[in-house]
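**Q** These are the residues of each chain, in order.
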Amino acid sequence: MAESTKGSVDRRGFLRGAAVGAAALVTQPSVALPQPPEAPARPAAAAPSNAQLGADTETPPSGGRSRIVEHPASDFMVDVIKTLGFEYVAANPGSSFDGLHESIINYGGNKLPELLTCCHEESAVAMAHGYAKIEGRPMLALLHGNIGIQHASMAIYNAYADRVPVYIIAGNWRDAGVRNNGVNWYHSAQDMAAMVRDFVKWDDEPASLAAFAESAVRAYKIAMTPPAEPVLLVLDHNMQLRPMPQAAVRIPRLTMPTPPAGDSSAVREAARLLVAAENPQINAGRLARTPNAITLLVELAELLQAPVNGGGDRVNFPSRHRLAGNGSGQADLILNLEVQGGGGPGGPTGARAPNAKTISISALDLYIKSNLQDFQHMADVDLAIAADAEATLPALIEEVKRQLTADRRRALADRGARLAEVHAQVRSVAKEGAAYGWDANPISLARLAAELWAQIKNDDWSLVSWQGFIGGWPGRLWSIDKHHQYIGGQGAGAMGYGAPAAVGAALANMKHGRLSINIQTDGDLNYAPGVLWTAAHHKIPLLTIMHNNRGYHQEVMFIQRMASERNRGADRAHIGTTLREPNIDYARMAQAYGMHGEGPIADPRDLSPAIKRGLDRVRQGEPALIDVVTQPR
Amino acid sequence: MKATLCRVVVTACVVILPIGAVDAQTPASPSAGTAALRPGLAARGESLAAFDERCIPSGGVAPPSNTPGILGRRALPAGRLARLGATPDFHHRLLGQAAAGNAQAGKDLYLRYSCYACHGYAGHGGAGARLVPMRMTLASFTAYVRNPRQMPPYSTQALTDAQLEDVWAYIQTLPKSPLPKDIPLLMMMLNEK
Numbered sequence: 345m346a347e348s349t350k351g352s353v354d355r356r357g358f359l360r361g362a363a364v365g366a367a368a369l370v371t372q373p374s375v376a377l378p379q380p381p382e383a384p385a386r387p388a389a390a391a392p393s394n395a396q397l398g399a400d401t402e403t404p405p406s407g408g409r410s411r412i413v414e415h416p417a418s419d420f421m422v423d424v425i426k427t428l429g430f431e432y433v434a435a436n437p438g439s440s441f442d443g444l445h446e447s448i449i450n451y452g453g454n455k456l457p458e459l460l461t462c463c464h465e466e467s468a469v470a471m472a473h474g475y476a477k478i479e480g481r482p483m484l485a486l487l488h489g490n491i492g493i494q495h496a497s498m499a500i501y502n503a504y505a506d507r508v509p510v511y512i513i514a515g516n517w518r519d520a521g522v523r524n525n526g527v528n529w530y531h532s533a534q535d536m537a538a539m540v541r542d543f544v545k546w547d548d549e550p551a552s553l554a555a556f557a558e559s560a561v562r563a564y565k566i567a568m569t570p571p572a573e574p575v576l577l578v579l580d581h582n583m584q585l586r587p588m589p590q591a592a593v594r595i596p597r598l599t600m601p602t603p604p605a606g607d608s609s610a611v612r613e614a615a616r617l618l619v620a621a622e623n624p625q626i627n628a629g630r631l632a633r634t635p636n637a638i639t640l641l642v643e644l645a646e647l648l649q650a651p652v653n654g655g656g657d658r659v660n661f662p663s664r665h666r667l668a669g670n671g672s673g674q675a676d677l678i679l680n681l682e683v684q685g686g687g688g689p690g691g692p693t694g695a696r697a698p699n700a701k702t703i704s705i706s707a708l709d710l711y712i713k714s715n716l717q718d719f720q721h722m723a724d725v726d727l728a729i730a731a732d733a734e735a736t737l738p739a740l741i742e743e744v745k746r747q748l749t750a751d752r753r754r755a756l757a758d759r760g761a762r763l764a765e766v767h768a769q770v771r772s773v774a775k776e777g778a779a780y781g782w783d784a785n786p787i788s789l790a791r792l793a794a795e796l797w798a799q800i801k802n803d804d805w806s807l808v809s810w811q812g813f814i815g816g817w818p819g820r821l822w823s824i825d826k827h828h829q830y831i832g833g834q835g836a837g838a839m840g841y842g843a844p845a846a847v848g849a850a851l852a853n854m855k856h857g858r859l860s861i862n863i864q865t866d867g868d869l870n871y872a873p874g875v876l877w878t879a880a881h882h883k884i885p886l887l888t889i890m891h892n893n894r895g896y897h898q899e900v901m902f903i904q905r906m907a908s909e910r911n912r913g914a915d916r917a918h919i920g921t922t923l924r925e926p927n928i929d930y931a932r933m934a935q936a937y938g939m940h941g942e943g944p945i946a947d948p949r950d951l952s953p954a955i956k957r958g959l960d961r962v963r964q965g966e967p968a969l970i971d972v973v974t975q976p977r
Numbered sequence: 007m008k009a010t011l012c013r014v015v016v017t018a019c020v021v022i023l024p025i026g027a028v029d030a031q032t033p034a035s036p037s038a039g040t041a042a043l044r045p046g047l048a049a050r051g052e053s054l055a056a057f058d059e060r061c062i063p064s065g066g067v068a069p070p071s072n073t074p075g076i077l078g079r080r081a082l083p084a085g086r087l088a089r090l091g092a093t094p095d096f097h098h099r100l101l102g103q104a105a106a107g108n109a110q111a112g113k114d115l116y117l118r119y120s121c122y123a124c125h126g127y128a129g130h131g132g133a134g135a136r137l138v139p140m141r142m143t144l145a146s147f148t149a150y151v152r153n154p155r156q157m158p159p160y161s162t163q164a165l166t167d168a169q170l171e172d173v174w175a176y177i178q179t180l181p182k183s184p185l186p187k188d189i190p191l192l193m194m195m196l197n198e199k
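First to last, the sequence lines map onto chains A and B. Letter by letter, the first sequence follows residues 345 to 977 of my numbering. Letter by letter, the second sequence follows residues 7 to 199 of my numbering.
Hint data in this document are derived by calculation from the structure and do not stem from the laboratory. Some clues are possibly wrong.
Calculated lysine-lysine pairs in the DSSO-like style (CA-CA distance at most 30 Å, straight line) [stated by the list, open to error]:
1) Lys745(A) x Lys713(A)
2) Lys745(A) x Lys199(B)
3) Lys826(A) x Lys199(B)
4) Lys187(B) x Lys956(A)
5) Lys956(A) x Lys199(B)
6) Lys113(B) x Lys182(B)
7) Lys883(A) x Lys455(A)
8) Lys182(B) x Lys956(A)
9) Lys801(A) x Lys883(A)
10) Lys801(A) x Lys187(B)
11) Lys545(A) x Lys455(A)
12) Lys826(A) x Lys883(A)
13) Lys801(A) x Lys455(A)
14) Lys956(A) x Lys883(A)
15) Lys713(A) x Lys565(A)
16) Lys826(A) x Lys745(A)
17) Lys801(A) x Lys826(A)
18) Lys801(A) x Lys855(A)
19) Lys426(A) x Lys956(A)
20) Lys113(B) x Lys801(A)
21) Lys187(B) x Lys199(B)
22) Lys855(A) x Lys956(A)
23) Lys745(A) x Lys545(A)
24) Lys855(A) x Lys199(B)
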């Protein structure tokens, strides 16, 4: 049967245990007391443990008991993990998965996957989140018991709301009968996944190696099937430590399902509506799972000569395409591709005709959970196609081609010319807007974006941070036309995502030789800045440019509004919302974590040379940070 | 966590989609000055002339654009300006009005009351409107701050008329931005494919 883990030392309990031990030495009672048993006493009516019930019990050792286990079950777990093709495993170390950890670095050779040392579980999962949006497949993250899951929970929810696959394994001391007293009890749970079940797509706690192999492969398949989401496997600590059974354990073959495409009659009807529409509008949400979606959407838009709002969650459409934008006038037909939710009370109605029709193609119609309200208002839709939009586009394109007559093509060409004019105007307006505050100190975000563009535009670059807090200036000024050039935002909008997701995305970009850029908000970085050390330690090339507005700026505006609407003035809106007195020195923070850091830079004349120095470092294969003091928005 | 989620919701309402998003303030183009580009006019039953009049403070004219042919917020194409009897380079008639307020005190108020939060330290705009160049008279500025359409209202209890005059005076001192044509980097970007 399983070896007791007596004698193992939990990471987080080590110091506490040492202190208690020392105290015990100096307060040794002079009278003899009953000695504690060698092993924790089992409850009188304990049910058979999982370990006892496991199908993979080993042959009892012959002869004397040895603590040497040369072929532990966690080696087999690594075999299973390797079949799934993970490149990296992100983890903050924890004793609940020490068996698997040891097998990854020794038995697995610390390759495929390679272990990434993270300073916080939230960072580990957020790194996996950013990585998946570049690489298109999940990274493995290991979490330490229920405390690791709690630390990681916000990052899991972000990935869930962003429809991004993250593959999570958490350790647990499932069998209370052999669980050491003390901290391991605090870190264990009867139903470990319960605390995040509302925002993982699937979870399991396999009771045997055979079950682990099956669940591990199943979890990958579920995570990657649209809509992609995080999955969680809970792994018993004792099961990791057991000797491998002599009989071979089957590893199921992974065969990914084809993503669900739309029903052919519904697609035909959608094409009919699109071809007939006088002023259609295409909106893309989390459409592009792969770079091919961009190609498909361009083809559809050009066939229809319809404007495309590429949204802010993925690169769905080239930002400088003549059809990029919202077009003009009131839309009489709206095609939503993986767009979450609808208008609802108080929501924007957009420029749409009163009798406009809406078509939705979304895999979200195939999957919804009840508790957390990430699904938004119920959209008013005339034709809802429950399918993956990217997988449906080829059939839709073919139907549109089939239904387009020569006369109709000529009419649509005229529409396309008008839309190209509108697009050109929008670009000019953006240029004019960027000029305002050009010489301002602190530095305007438009200038920051422009100066960056000048130095990266000839590289294979990738913006691995969200544009929402920087006025969307890269999207307005840069040419963004490749899938990896922008990864969108947090998903659930929670802070603490930005820095680790950028590092994870930069890691994915590294092997492609891409130049990764992170425009980093100060409030976000301060959630878990230790990820800067992870970037330095693993030599992940990434230029971080601080958008240092010295506050949780959105909150400044909220409190200002609240105080004003209550007629109390707004001169105390900075209380609890700003990061001043003292100002945080991000250059020294970066240096402390082991990377190039410089700043603060508030004079726009100093910006371009600083960016160049930072890029020089990044092009040599290391991370760098430039602290830029910026305008609020 | 509750605060975090609250932040999320409101953020989602405030932030404009960055990629391919069209500035909500995008004006009509000179060449396409039709109701098609101002769909709201027809929907509201408002004529173009009425719209023009409403966009410009009484007696004033929109400021010149930084880009010939492309117009800034509330600015109107030459044709429309001509119908109003104005010229494209006609500055607001009250820009020359002497600012009687204390600009230094106004700066303190601008920062302390977080005007910068939405309008930028340079008055160049951001989450809120651009303030430079200031197109509003002191009277219209004060009236707007008391009863705004979008920004939070500031009553006399929060900011007195004299304080608003100081703020208005400070905004007048903020430097104008350079024209896009004088910024090679922006011109380069505009000329890129």
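**Q** Each hint needs a verdict: does it hold in this structure or not?
**A** Hints and how they fare:
no.: 1; hint: Lys745(A) x Lys713(A); verdict: violated (37 Å)
no.: 2; hint: Lys745(A) x Lys199(B); verdict: holds (28 Å)
no.: 3; hint: Lys826(A) x Lys199(B); verdict: holds (15 Å)
no.: 4; hint: Lys187(B) x Lys956(A); verdict: holds (25 Å)
no.: 5; hint: Lys956(A) x Lys199(B); verdict: holds (24 Å)
no.: 6; hint: Lys113(B) x Lys182(B); verdict: holds (16 Å)
no.: 7; hint: Lys883(A) x Lys455(A); verdict: holds (16 Å)
no.: 8; hint: Lys182(B) x Lys956(A); verdict: holds (28 Å)
no.: 9; hint: Lys801(A) x Lys883(A); verdict: holds (23 Å)
no.: 10; hint: Lys801(A) x Lys187(B); verdict: holds (21 Å)
no.: 11; hint: Lys545(A) x Lys455(A); verdict: holds (28 Å)
no.: 12; hint: Lys826(A) x Lys883(A); verdict: holds (25 Å)
no.: 13; hint: Lys801(A) x Lys455(A); verdict: violated (33 Å)
no.: 14; hint: Lys956(A) x Lys883(A); verdict: holds (19 Å)
no.: 15; hint: Lys713(A) x Lys565(A); verdict: holds (19 Å)
no.: 16; hint: Lys826(A) x Lys745(A); verdict: holds (25 Å)
no.: 17; hint: Lys801(A) x Lys826(A); verdict: holds (13 Å)
no.: 18; hint: Lys801(A) x Lys855(A); verdict: holds (19 Å)
no.: 19; hint: Lys426(A) x Lys956(A); verdict: violated (40 Å)
no.: 20; hint: Lys113(B) x Lys801(A); verdict: violated (39 Å)
no.: 21; hint: Lys187(B) x Lys199(B); verdict: holds (18 Å)
no.: 22; hint: Lys855(A) x Lys956(A); verdict: holds (22 Å)
no.: 23; hint: Lys745(A) x Lys545(A); verdict: violated (37 Å)
no.: 24; hint: Lys855(A) x Lys199(B); verdict: holds (29 Å)
Hint compliance for this structure: hints 1, 13, 19, 20, 23 are broken, all remaining hints hold.
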